[in-house]
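Here the protein sequences come in this chain order: E and W. Sequential numbering from 1 applies to the first sequence in my numbering. Sequential numbering from 1001 applies to the second sequence in my numbering.
None of these hints come from the bench; they were simulated from the model. Accuracy of the hints is not assured; some may be wrong.
As the list claims (entries may be wrong) - Straight-line Cα separation of at most 25 Å, SDA-like style, residue types lysine to any residue; simulated pairs: (1) W:Lys-1209 / E:Leu-8; (2) W:Lys-1209 / E:Ala-13; (3) E:Lys-168 / W:Leu-1173; (4) E:Lys-168 / W:Ala-1240; (5) W:Lys-1209 / E:Leu-18; (6) W:Lys-1209 / E:Leu-16; (7) W:Lys-1209 / E:Ala-21; (8) W:Lys-1209 / W:Glu-1102; (9) W:Lys-1209 / W:Val-1120; (10) E:Lys-168 / W:Arg-1176; (11) E:Lys-168 / W:Glu-1260; (12) W:Lys-1209 / E:Leu-10; (13) E:Lys-168 / W:Phe-1177.
What the hints assert, rightly or not - To spell it out: a stretch of chain W is covered by chain E in this simulated footprint if at least three of its residues, at any positions, have a beta carbon under 8 Å from a beta carbon of chain E; those stretches are: (14) 1020-1027; (15) 1149-1163; (16) 1216-1222.
Positions of the beta carbon are idealized from the N, C-alpha and C atoms, including for glycine.
Listed here are the chains, written in short residue letters.
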Amino acid sequence: MKGRLRHLILGGAATLALSLAVAYLSAAPGWQSLPADMALLRVSFTHSGDRSASCRERTPEELAELPPNMRIAKVCDRRRPPIYVEIEIDGATVLAEELPARGIAGSGPSRIYQRFPLPAGRHDIAVRLRDRPATQGFDYVGETQVTLVPAQSFVIDFRPESGGFVFK
Amino acid sequence: MMGLRSVLRRGFDRVERGLDRLFGPDWNPLANLGPLGWFLFWIVAGTGIYLFIFFDTGVVDAYASVQWLTEDHWFHAGLARSLHRYASDLMVLAMLVHLLRELVFDRYRGRRWFSWITGVPVLWFVYLSGITGYWLVWDELAQYVALTTTELLDALPVFAEPIARNFLTPESLSSRFFTLMVFLHIAIPLLLLLAMWIHIQRISQARTKPARGLAVLTLVALVAASLLMPATSQAPADLATVPARVGIDWFLLSLYPVIELLPAGVIWTGVLVFSVLLIGLPWLPRRKEAPAAVVALDHCNGCARCVADCPYSAINLVPRSDGAPFPHEVEVNADRCVACGICMGACPSSTPFRRSGDLVTGIDLPAYSLAELRTQVIAAAGGLSGPGRVLTLACGHGAGGLPEAGRIVLPCVAMAPPALLDFIISRGLADGICIAGCAERECWNRLGGEWMRERVARRRDPFLRERVPRERLLVVWAGPSETGRLRRETAAFAEQLAAQPSYDKARPLSQDELAKGEATAVQRELAE
Ligand code: HEM
Ligand code: SF4
Ligand code: SF4
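Given the sequences, and given the hints that come with them, work out the whole structure.
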């Protein structure tokens, strides 16, 4: 039993030391996910490209061949065209990308989720979106000027029903 | 690779010898990692159920409820919280070292593949349990985990809308997602328990409880650490900000900084490649194993001693098929048999004394039979000289793993039936026998060490006969890094034997049997 007392003391001390080390490492050292004086801009939304350009009227002969319950005059591609997004921060273009339609048949909306860490301070931000392949310019444009504080989360969303880009 | 493994094996052995001195071999934590994993799981499960009583499962009040139990009720609920966290972390540590140790000691390949493969889901379920757990506190760390996790998941083409959008702004936060996490944090640990149970199905008498002393030490140390350094929350989550600096749990969340630093595609590929590699490891390369044990029904009475002693659940007791007047016989499941020979050592028919006919026993290894072992013993004894002749029966995984004069290397010392020890002494083949097993803290073949100790102590069937004087047996348990100690103890034993009068009851073998042994020895030398 004298041997066991030794094991209780020495083994106990070793186990306690390990447990304290574990307790320490369970919350430290800290991890700097975002540098101290930075804020994070995120652009995230989903939006469908407009496929009306691909639509055409069926000819009367085509319609006649269809069963009566399927005689719809207009046919459109199942695939949606990509949308085109441009982001400009303080005059520099940081993103200019065609976003393809998602989904197996390419019939789903395009989506974007992009992070831009920015130094805290004042920034001019512009976003532009084209959802109709035929247009030359942009269908939606949003511009804002923000003053970001460190660790602030600034989000650009898109809600066509409320007129386009939303900054929050 | 083989060189690296033997270096690591010695390294482990050295560290474990140090821990033997602190804890004693039976409480050695490194020899109890699997059982410790189970013990820690139960601590985590118990404290988790207790915490659930005080936890508010809605995303709005979750943080406040955790604060309340941590501060106002620190002496029971707060303690449970700390224990819950620290025991989980210790479980990760125990699991990773356990994995590495099984790998280094080469106990994962060949017909032992099952425990390895089934350990892989255990690994992932442990991490997933921890990740969902940290989510529930809904502090800055939880927010960080939520964001990083969902951004990683969004890289997979499964969600129509990025799920990270749930954590973009205070308005987008949905309680549905949080409820899902609460559910997952209960469901995944249950799956973990199932996986842990499957993990130990192919071995017999799996140790799911650590030695009691070690369990007490672990629990006391965890409680002490919980009181000295209680687990706390970080600032409450706020989706109007992003967590810039977070305190990370480096056991459960150490992958998160890596996820941030590397592209998602690299992470997913890495996880996939790592898992596939881990699962494939038992076949990279496969271990060459001797053929499985075979039963000789003419010499088996269905006593089931071999069934009880096989560490790998490879023997089944089945109804008699040959009309002999016994209710049972045994059947070897060749897919599980690692050819350790422990069953041969357990069979009462395994007696080398018989002289007429071929030496056949109830259950035997085709590639290393009792008859072969007997011949080798006689041959090795022929090479011993001088007073104090010691014949060594060594385990291939311990200090005596390499063959040398006067030493017979076995897959496990428990392969030697007690009758063989009797035979060596009472036929005067040696003055004493050294049984050199692997390290005492844990038998390479799981149960062989314990069976041998019990048989020699005449506490387990088949018993060592009383006529074998105990002082003519030296039992040494020594790991691969203790060749020096084995040599010293054997030399001291030989001296001690030399000082004694030789064993007077010996009835030597007939000349032609000895000659047969000599011939084998010569043949072997020529072959080498
Ligand atoms: C916390 C998680 C784990 C627990 C609780 C656990 C538990 C156990 C237990 C109780 C044993 C039996 C020990 C004995 O009685 O000899 C064992 C053996 C084993 N475990 Fe684990 N284990 C865990 C994770 C893992 C992982 C991740 C791997 C590898 C991928 C693994 C691989 C093995 C192997 C190879 C054996 C040896 C089986 C044999 O002796 O043939 N384990 N484990
Ligand atoms: S040799 Fe015997 S004891 Fe060893 S695994 Fe095979 S059947 Fe089991
Ligand atoms: S120990 Fe021998 S006799 Fe007993 S069941 Fe096994 S093979 Fe048969």
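Checked hints:
{"no.": "1", "hint": "W:Lys-1209 / E:Leu-8", "result": "holds (18 Å)"}
{"no.": "2", "hint": "W:Lys-1209 / E:Ala-13", "result": "holds (21 Å)"}
{"no.": "3", "hint": "E:Lys-168 / W:Leu-1173", "result": "holds (14 Å)"}
{"no.": "4", "hint": "E:Lys-168 / W:Ala-1240", "result": "holds (9 Å)"}
{"no.": "5", "hint": "W:Lys-1209 / E:Leu-18", "result": "holds (20 Å)"}
{"no.": "6", "hint": "W:Lys-1209 / E:Leu-16", "result": "holds (20 Å)"}
{"no.": "7", "hint": "W:Lys-1209 / E:Ala-21", "result": "holds (24 Å)"}
{"no.": "8", "hint": "W:Lys-1209 / W:Glu-1102", "result": "holds (18 Å)"}
{"no.": "9", "hint": "W:Lys-1209 / W:Val-1120", "result": "holds (21 Å)"}
{"no.": "10", "hint": "E:Lys-168 / W:Arg-1176", "result": "holds (23 Å)"}
{"no.": "11", "hint": "E:Lys-168 / W:Glu-1260", "result": "holds (24 Å)"}
{"no.": "12", "hint": "W:Lys-1209 / E:Leu-10", "result": "holds (21 Å)"}
{"no.": "13", "hint": "E:Lys-168 / W:Phe-1177", "result": "holds (22 Å)"}
{"no.": "14", "hint": "1020-1027", "result": "holds (count 5)"}
{"no.": "15", "hint": "1149-1163", "result": "holds (count 6)"}
{"no.": "16", "hint": "1216-1222", "result": "holds (count 5)"}
The structure is consistent with each of the numbered hints, conforming to all of them.
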